[in-house]
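Peer 1: Residue-level listing of the chains:
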Amino acid sequence: MISFQELKRSLLVSLWFVFLTFPLMVIKVDPIERIVSWRWENAVFVAIGSFVVSMLVRVFFVQKQRRRERLAAGTLVEREPLIQVILREPRYLYPLVAAVALFALLFPFLFSTYQTNIMITALMYVVLGLGLNIVVGLAGLLDLGYVAFYAVGAYTYALLNLHFDLGFWLVLPIGAMMAALFGVMLGFPVLRLRGDYLAIVTLGFGEIIRLILENWNEFSRGPSGIANISRPGFFGVEMSLESAILYLYYLMMALVVITIFVVNRLQDSRIGRAWIALREDEIACQAMGIDKTKTKLTAFALGATWAGMVGVVFAAKTTFINPASFTFMESAIILCIVVLGGMGSILGVIIGALVLILLPEYLRAFSDYRMLAFGAVLVTMMIFRPQGIIANVRRTYRFEKKQAE
Amino acid sequence: MEYFIELLFSGLTRGSIYALIALGYTMVYGIIGLINFAHGEIYMIGAFTSFIVATVLSIYGFPLLAIVLLAGLAAAVWSASYGFTVEKVAYRPLRHAPRLSPLISAIGMSMFLQNYVLLAQTSDFLPFPQLIPDFDFMEPYAHVVASSDLAILVTTALVMVGLTLLIKFSRIGKAMRATAQDRTMAMLVGINVDRVISTTFVIGSALAAIGGMLIASHVGQINFFIGFIAGIKAFTAAVLGGIGSIPGAVLGGFVLGLTESFATGYVSSDYEDVFAFSLLVLILIFKPSGLLGKADIQKV
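These protein sequence lines are chains A and B, in that order. Per my numbering, residue 1 is the first one in the first sequence, and the count goes up by one each step. Per my numbering, residue 1 is the first one in the second sequence, and the count goes up by one each step.
Possibly wrong hints are sitting among the right ones.
[As the list claims (entries may be wrong)] Pairs of lysine to any residue residues, derived as SDA-like cross-links and limited to a Cα-Cα distance of at most 25 Å, are as follows:
(1) A:292 to B:281
(2) B:88 to B:2
(3) B:287 to A:193
(4) B:88 to B:175
(5) B:174 to B:286
(6) A:294 to B:286
(7) B:88 to A:59
(8) B:174 to B:163
(9) A:28 to B:223
The hints are simulated quantities; they were obtained by calculation from the structure and are not laboratory data.
The following block holds chain B by itself, in its conformation from the complex:
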């Protein structure tokens, strides 16, 4: 039973991180219908930026709380800037190009960013400082639930509530939903579609950066390659929930996290990534619209 609870929490933690990254995929897909392959790399850059800032600050002797806040802020700001720039450089010129073009451009961007970090920093695994302290009140449960698990779950929950409120009630949120429904119509009613798309990339990238920082301090190490697998898995989560749907991305993230956690715990840990990929292939064959997505009708 204890093992079950341990796996449950590890699954929920994984799931919440997948959900954070999946939100970026799903928001971008909802608005411009593009799979942003570089999103996993944005997440990696977020983790790296927070690693650099946190390490520098800890060397200069800042208190832990300040380190956590500043590292998180820096990760979000820089990742958002990268997301904004990637959209502007690699996707915007191709908005009216054939479908395959932005996709290939996105793959190129992903390769470019990955190797850019590799060259600018290092190919080694780097030890990530422990940003989340072990809480005292968690002491009795520490053998099943780590403090960082709890911190990740709480942070993700807060971020998701914030995002839902933003999209439901704010002006830009309404503009985003309008653009997702019908871009031409949104333009006609005076929405600056370019700005909405940029904002979507900024928000999605910042979410991924927070996810990157949380998971990196949970796992304790990072390198330039973490974005690739995380990106594919988050994409799986987005598709599982129904791409384009925001609650779907969250649900998909948790389903994927739990599946992986239980499958590696009870079946075999060698094939951890195979489970995720197989799940992806199975969903796409049997229910390509996902759990909460609308069926896509192709029109001439």
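Next comes chain A alone, as it looks inside the complex:
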């Protein structure tokens, strides 16, 4: 199956990577003690690792080529992926949804408080992912400063709670509106920009918000952050920490369900179809009479709204926030969720968020490699499966001719 030629090429690739990683992987210097340590074992790891990866990539491309040939020859018929069949057929879908819903409802009783807490975080990222999915997945605008809106929501709650003692439920819509306002504020200047410029400007915007929060001490208390934020209240009932977590879990669950419902409806609405048209071809979309400005602004505003809401929940959950929680890495993680799950696909984003947030929690031993893996995920997904784990299937209408009798 694998020829000698290919083996040789993989060997060369592996040699190249040994050379490439030599100074950084093998040599380690201590400039103060003036000691050089040579870590030759790392060179061996790099050699083996790059050889294996290179062989796997080769095998993948050979398989893909064969598959294409067989499809062209007609000996293989393209089958609908299992997951799409399940999604389409109510008789599989409904029991599955019921099972998932039951599991989600019973989750806090089946597992410890610690697990529930992790799950709350994962659910927060589900909503963040779905929010960013509106901007990136549907409207095709690459937003790298999404965390800014998250920060806006969190700080809205923290500051209003600190100065005016406003409660969680009152601030939740205010935080969402503030974030939407910031979304429009960012949206206006960048409307004229194309994809890549937009990415950088949103990145810059995210950093500006963080730097302002860090430096404007009178306003945000700077890097030391704001502590003692109230947890969400439930008609004024005093709650223990455990029941507060339980409450927060169901609250997040409700938010997730609402988000899924709204995003799903949005997708099929007039504005949702306008977003998809905008993503596919801006000029053609304008020619069809769609108002580009309005469409882009609503995408930004609606995407930001969810981030703002989750921001409020985040502040209420941790009861302490500081600017360090809102770095570019957060934006990158959320983007990674959307890309891994599948841009534009709601189920994909949910699964992406659960995988990317829960997996590192349970693989604590490898936690140092988390961001490295996220970077690798972005690159590999783009190269091997740009549509994500679960592709977003376009709604198509099949016109079937009636057989002539």
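Take the given structure of chain A and dock chain B to it, following the hints.
Peer 2: Below, chain B without anything else, positioned relative to chain A:
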């Protein structure tokens, strides 16, 4: 007045480093229309490689001149290799993919390289050896202009002249300009476009590595995170000058460096990075084609 001159020189030094990095962005953008997000990381890797080589050589007792030359060479060679590999692994397979794909891939590459250096080396700030000695003839001016400022300005000027000559007159330079104008046409007249693109990455990365080494020995410390901010600022410089334009990148670098230097000197040093970002946002709103760039006409 003295303060003004001090700020002026510090601005020029910063500006020349931004210009060196911005050249890589602008060359790559000019040829394949991609913002190479990983470019800042290439610059960081250059600084790190020169740090490792210089420290090892100084421990083994090499003379300063040999250390400077070998560290610079190693930084340029390895950064160029990284640039070449990144293009081959992360961008080449996506050349015909939708616009968003290579961009996301580039962001992933940037995260990957940053964390790779973090894991392979350390997350601490490392003291960078002083590679540029204090020149004797600079003694009377030392309170306003540091020797390293002068060395950086001279080196950058030389590199830029060299690059201009390369692009104007050499065979590969002509091929690069042809590819930037029209890739399909360049292919038709027999230019190996893949090789031209690889060469562009190699040259851009080597320039960034030299910039990395110079600034690291000027500042005196490095860590794995320096590429992120430097990358965004150099990108700002490239956009300011008009992305795709080589003189534009140099001009943009100097304008940005001076703006930052005077703004931090006369206004406030807390918001150093905010000035750069705000400048970027303002240019993109009012003159997205930059100072020397051509307006981009979108065709169907």
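Peer 1: A separate judgement is required for each hint: does it hold in the structure or not?
Peer 2: Here is how each hint holds up against the structure:
1. A:292 to B:281: 20 Å, holds
2. B:88 to B:2: 49 Å, violated
3. B:287 to A:193: 11 Å, holds
4. B:88 to B:175: Measuring from Cα to Cα gives roughly 19 Å; hence the hint holds.
5. B:174 to B:286: 33 Å, violated
6. A:294 to B:286: 20 Å, holds
7. B:88 to A:59: Holds: residue 88 (chain B) and residue 59 (chain A) sit about 18 Å apart, inside 25 Å.
8. B:174 to B:163: Roughly 12 Å between the alpha carbons, so the hint for residue 174 (chain B) and residue 163 (chain B) holds.
9. A:28 to B:223: 14 Å, holds
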